[in-house]
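What follows is each chain in one-letter form.
Number of protein chains: 2
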Amino acid sequence: MVKNDSEKQTEEKIFEAAMAVFEEKGFAAARMQEIADRAGINKSLLHYYFRSKDQLFEVVFNKLFEKMFSMVIGIFMSDKPFEEKIREYYCEHIRFFQQNPMLPIFIMSEISHNPERLKKRFGNIDYTKIRDSVMGFHAEEMSEYGIKKEDWVQFMITVVSLTIFPFAAKEIVKMFLDQTGYTKGFDDFMNERKVFASEFVINAIKHMNKK
Amino acid sequence: MVKNDSEKQTEEKIFEAAMAVFEEKGFAAARMQEIADRAGINKSLLHYYFRSKDQLFEVVFNKLFEKMFSMVIGIFMSDKPFEEKIREYYCEHIRFFQQNPMLPIFIMSEISHNPERLKKRFGNIDYTKIRDSVMGFHAEEMSEYGIKKEDWVQFMITVVSLTIFPFAAKEIVKMFLDQTGYTKGFDDFMNERKVFASEFVINAIKHMNKK
DNA sequence: AATGAGTTTAACCAACTGGTCAAAAATATA
DNA sequence: TATATTTTTGACCAGTTGGTTAAACTCATT
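Respectively, the protein sequence lines represent chains X and F. Residue numbering for the first sequence follows the numbering used here, starting at 3 and increasing by one per position. Residue numbering for the second sequence follows the numbering used here, starting at 3 and increasing by one per position.
Derived by calculation from the structure, the hints in this document are not laboratory data. Predicted, not measured: the structure shown is a model, and the values here were computed from it. Treat the hints with care, as some may be off.
In this list, chains with the same sequence are indistinguishable; a pair is considered to hold if it fits within one copy or across any two.
DSS-like cross-link-like pairs, simulated, lysine-lysine; straight-line CA separation at most 25 Å [claimed, not checked]:
1. K82 <-> K27
2. K55 <-> K27
3. K186 <-> K150
4. K176 <-> K65
5. K151 <-> K176
6. K122 <-> K27
7. K122 <-> K186
Given only the sequences and the hints, what does the whole structure look like? Please build it.
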């Protein structure tokens with residue numbers, strides 16, 4: 003099978019349309035016809051390039067999961083000083099999700115409705131290396147800040163929660179902002195959150211051993 | 003129309019089955035036939051009691067949203083000392099979601115896929131009273147802990163994030179626990195989180211004004 | 001120009017899905 | 001018991017959905 007330019011173009015068009023529709027509607031509510039329409043091609047062509055809806059979804063899901071995953075664990079892979087790292091992370095992290103606001107809810111929703119997909123994805127990959135590098139790397143800082151080793155995962159989940167949740171619950175937060183008379187919009191709120199979350203986390207860990 | 007016992011029984015059976023199916027599958031993937039099966043009745047009977055799928059879903063959604071909402075803002079309505087309040091909140095909050103693990107992702111997913119539902123629900127309700135009582139009530143504590151008034155919403159979102167996110171991303175967290183060699187299960191992790199989250203938040207706010 | 005492999009399309013299909021309806025069963029009313 | 005009312009059911013329907021297929025089109029190679 004010789005892949006020429008036009009094929010790659012078509013496949014990409016389909017893939018991008020599929021990403022958009024799946025992310026927007028979720029698997030169950032997504033329609034193959036709509037994907038075809040947005041890609042500007044015939045519906046049969048979807049099945050020509052990707053055999054079935056499930057198969058197309060799987061490719062899309064893996065791509066988007068990778069996108070999200072690498073962003074989320076990015077912080078724990080950098081080698082800057084801890085506090086600087088935190089500030090920089092929240093800054094980048096929030097900026098990224100401002101451009102991909104539906105990504106968190108899409109990933110979480112699809113996984114919770116079909117956990118097998120996650121297991122299938124991660125079953126054959128060995129994350130020992132990443133884990134060790136991440137955990138080993140931060141060992142000094144952990145003890146320096148008084149975070150016990152067994153609380154390491156708690157801490158990571160905590161850091162991540164502060165940005166992902168507001169995006170996942172974006173509409174609820176927006177309503178809340180309205181109700182409380184916040185005049186600026188969601189984006190401004192999240193921009194302010196870059197600083198708030200950083201300072202909050204840094205304050206918390208600075209005094210963990212001074213209980 | 004005289005409502006006798008059997009009617010109420012049937013209606014309730016339908017309602018509970020609908021709650022279960024909708025919460026488990028989400029609106030788009032939920033099937034009226036499955037709801038009927040779980041309720042142990044004929045499918046036509048669904049339409050007899052609740053005209054359409056949309057209507058049945060709306061009732062279920064409102065019920066579940068109320069359930070979640072009252073739990074989430076519960077903390078901000080109590081009159082105990084701040085730190086005690088925080089500890090108690092995380093304890094109850096996590097215990098509650100351990101019994102309703104799908105609730106957060108269901109609410110967030112459905113709202114993000116159909117924000118109009120939220121607006122419809124809250125459009126005609128005046129939350130000024132709640133807002134004022136909550137915000138007015140905590141005014142002293144806010145200043146005492148050095149939380150600026152404009153950061154109040156940031157703080158609330160932060161507190162709530164720490165428990166809701168791990169449940170919404172339950173499967174991902176579980177995978178993460180496996181990967182990092184955490185031998186105990188998700189429930190144990192969340193039990194430990196009751197303490198971790200409390201101390202984390204308390205540490206953070208204790209030193210907010212001592213920057 | 002003829003060939004042939006890869007690409008795109010229109011027409012079509014079987015299964016599913018929410019929803020209807022008239023009849024039957026159950027229950028209340030007289 | 002006879003009648004009216006409400007509850008429950010099975011059969012059915014129209015629209016939708018993922019997927020198939022055979023024919024048509026494109027285009028490089030000969």
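Hint check:
Taking the shortest alpha-carbon separations for K82 and K27, neither the intra-copy value of 38 Å nor the inter-copy value of 43 Å comes in at or below 25 Å. Taking the shortest Cα distances, K55 and K27 sit within 25 Å of each other both inside one copy (14 Å) and across copies (18 Å). Within a single copy, K186 and K150 get their C-alpha atoms only as close as 39 Å, which misses the 25 Å cut-off; across copies the closest is 17 Å, which meets it. Within a single copy, K176 and K65 get their C-alpha atoms only as close as 28 Å, which misses the 25 Å cut-off; across copies the closest is 21 Å, which meets it.
For the homomeric pair K151 and K176, the shortest alpha-carbon distance between copies (18 Å) is at most 25 Å, but the shortest distance inside one copy (37 Å) is not. With identical chains, the CA atoms of K122 and K27 are at most 25 Å apart both within one copy (23 Å) and between copies (20 Å). Proximity of K122 and K186 under a CA criterion of 25 Å is satisfied inter-copy only: 22 Å between copies versus 43 Å inside one chain copy.
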